[in-house]
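K.L.:
Residue numbers (the numbering used here), protein chains in the order written: chain A, 1 to 112; chain B, 1 to 114.
I should point out that these hints are in silico values taken from the structure, not numbers from a laboratory.
Beta carbons: idealized from backbone N, C-alpha and C, even for Gly.
Errors might be hidden in some of the hints.
Subject to a maximum C-alpha distance of 25 Å in a straight line, what follows is the list of computed DSS-like cross-link-like pairs (lysine-lysine) [what the hints assert, rightly or not]:
| id | chain 1 | residue 1 | chain 2 | residue 2 |
| --- | --- | --- | --- | --- |
| 1 | B | K14 | A | K104 |
| 2 | A | K55 | A | K73 |
| 3 | A | K70 | A | K55 |
| 4 | B | K71 | A | K104 |
| 5 | A | K55 | A | K78 |
| 6 | A | K104 | A | K78 |
If you want the footprint, here are the derived chain A segments under chain B, 3+ residues with CB under 8 Å [to be verified]:
| id | stretch |
| --- | --- |
| 7 | 69-79 |
| 8 | 99-111 |
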Amino acid sequence: AQTVTQSQPEMSVQEAETVTLSCTYDTSENNYYLFWYKQPPSRQMILVIRQEAYKQQNATENRFSVNFQKAAKSFSLKISDSQLGDTAMYFCALSGNTPLVFGKGTRLSVIA
Amino acid sequence: NAGVTQTPKFQVLKTGQSMTLQCAQDMNHNSMYWYRQDPGMGLRLIYYSASEGTTDKGEVPNGYNVSRLNKREFSLRLESAAPSQTSVYFCASSSRQGANTEAFFGQGTRLTVV
Chain A
1 AQTVTQSQPE MSVQEAETVT LSCTYDTSEN NYYLFWYKQP PSRQMILVIR
51 QEAYKQQNAT ENRFSVNFQK AAKSFSLKIS DSQLGDTAMY FCALSGNTPL
101 VFGKGTRLSV IA
Chain B
1 NAGVTQTPKF QVLKTGQSMT LQCAQDMNHN SMYWYRQDPG MGLRLIYYSA
51 SEGTTDKGEV PNGYNVSRLN KREFSLRLES AAPSQTSVYF CASSSRQGAN
101 TEAFFGQGTR LTVV
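Extracted from the complex, chain B is given alone in its bound form:
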C-alpha cells in the first residue's frame, strides 16, 4: 500500500543546477500538490493540479515548474536552483479539490542547494 511516493528522499545541488522531483500516487486521486516546508514557516503551496491536465500556481511558485504527466504522476522542476530553494518538499494528493478532502502526503524530499 504505497500511497504517495516521492523520489529522491535527499538531494544536494549546486547553485544553477537543475533537477526534477518525482511524485506518484496509487490511490486514483484527482488532485495533487507540491508544498515546501521551511523552519518557522509551516507548509506553503508551490503548485497544485486539481485534476489531470490542469495546473495552478500556489503561494510560492517562483523558480519552479510542474508537470501533471498523467493522473498518477506530478513532477516539480527546479530549472536553476538557488540557495533560497533549500527546503523540504512534500508532494500530496487528495481524491478531489474541495473542503472535505483529506490530503495524503509523501515522505518528503530534503533538498540542499549549495
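Same shape as in the complex, but just chain A:
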C-alpha cells in the first residue's frame, strides 16, 4: 500500500520569507510521481508542482521548488518570497499504478 505523511498540520510564514513544507511517503513501486496540490479557501484543488521519481533533478516552478530525496522517501516543498495568496492548504500526493494517494495536508498562513 502507498502512504503519504505530512507531519506539520499548520505552519505560518511572514510575507516575503521562505517556508518549507515536509512530506514523506512509502511505496513499493519503482515508477511513481509525486505532487504538491494547493487548496485555497475557494476549495479548488490546484496542482503546484510534480516530480518524476526517476529524475534526480529537483523540480522547480517559479517560486516553488522541491527537495526530493528518493532514498529517504522524502519530498518537501519550498516556497520562496511567500505571498499572501499562498495562504492555503497544501497536500502532498503520490501516484503510481493506483490512483492518487494524499497526505493529510498542511495549512499554511502567510502573515503580512
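Position chain B relative to chain A; hints supplied.
P.N.:
Below, chain B without anything else, positioned relative to chain A:
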C-alpha cells in the same frame, strides 16, 4: 473551458435520505475518481473508474455506489445518508490511470447530513 463539473455545490440531507452527486468532464479523460475530504484527514478515495465500463473500490467505499454512465460522466450515490457522510466530495479525472497522470478536480460538493 469547463474541465470537471460537479453538481450540486452544496446539499443538506436528512439521515436516511438518498441522493446522487453528478460529475462530468469535457477533457476526453479515461479515468475518473471520487474523493471525500474531512478535516485533518486529507482526501480519501471512495471509488474510481480507470476506464469506461469499469469501477473499483477505493479506501472508503462503504455506504456509496457509483455509476460510470459514459466516458464523460461518473456519479456517486448515497443510498441512505448517515451523519458520518458529512464531508466535502471531490470528483476528479485524468487522461489515464498511471503514474504520470495529473488529476483535474471539480469544485467540490459540501454535503451535510443532519
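K.L.:
Please go over all the hints and tell whether each is borne out by the structure.
P.N.:
Evaluation of the provided hints:
For the given pair, K14 of chain B sits about 28 Å from K104 of chain A by alpha-carbon distance, which is inconsistent with the 25 Å threshold. Only pairs whose Cα atoms come within 25 Å are accepted, and K55 of chain A paired with K73 of chain A is accepted, the gap being roughly 14 Å. For the hint pairing K70 of chain A with K55 of chain A, the CA-to-CA distance comes to about 10 Å; that is within 25 Å, so the pair holds. Simply put, K71 of chain B and K104 of chain A have alpha-carbon atoms about 30 Å apart, too far for the 25 Å limit, and the pair is violated.
Distance hint between K55 of chain A and K78 of chain A is fulfilled; the C-alpha atoms sit about 18 Å from each other, no more than 25 Å. With a C-alpha separation of about 18 Å, the suggested pair K104 of chain A and K78 of chain A falls inside the 25 Å cut-off, and the hint holds. With 0 residues having a beta carbon nearer than 8 Å to a beta carbon of chain B, the stretch 69-79 of chain A misses the requirement of three or more and the stated coverage is violated. For the stretch 99-111 of chain A, the assignment as covered by chain B holds, since 7 residues bring a beta-carbon within under 8 Å of that chain's beta-carbons and 3 suffice.
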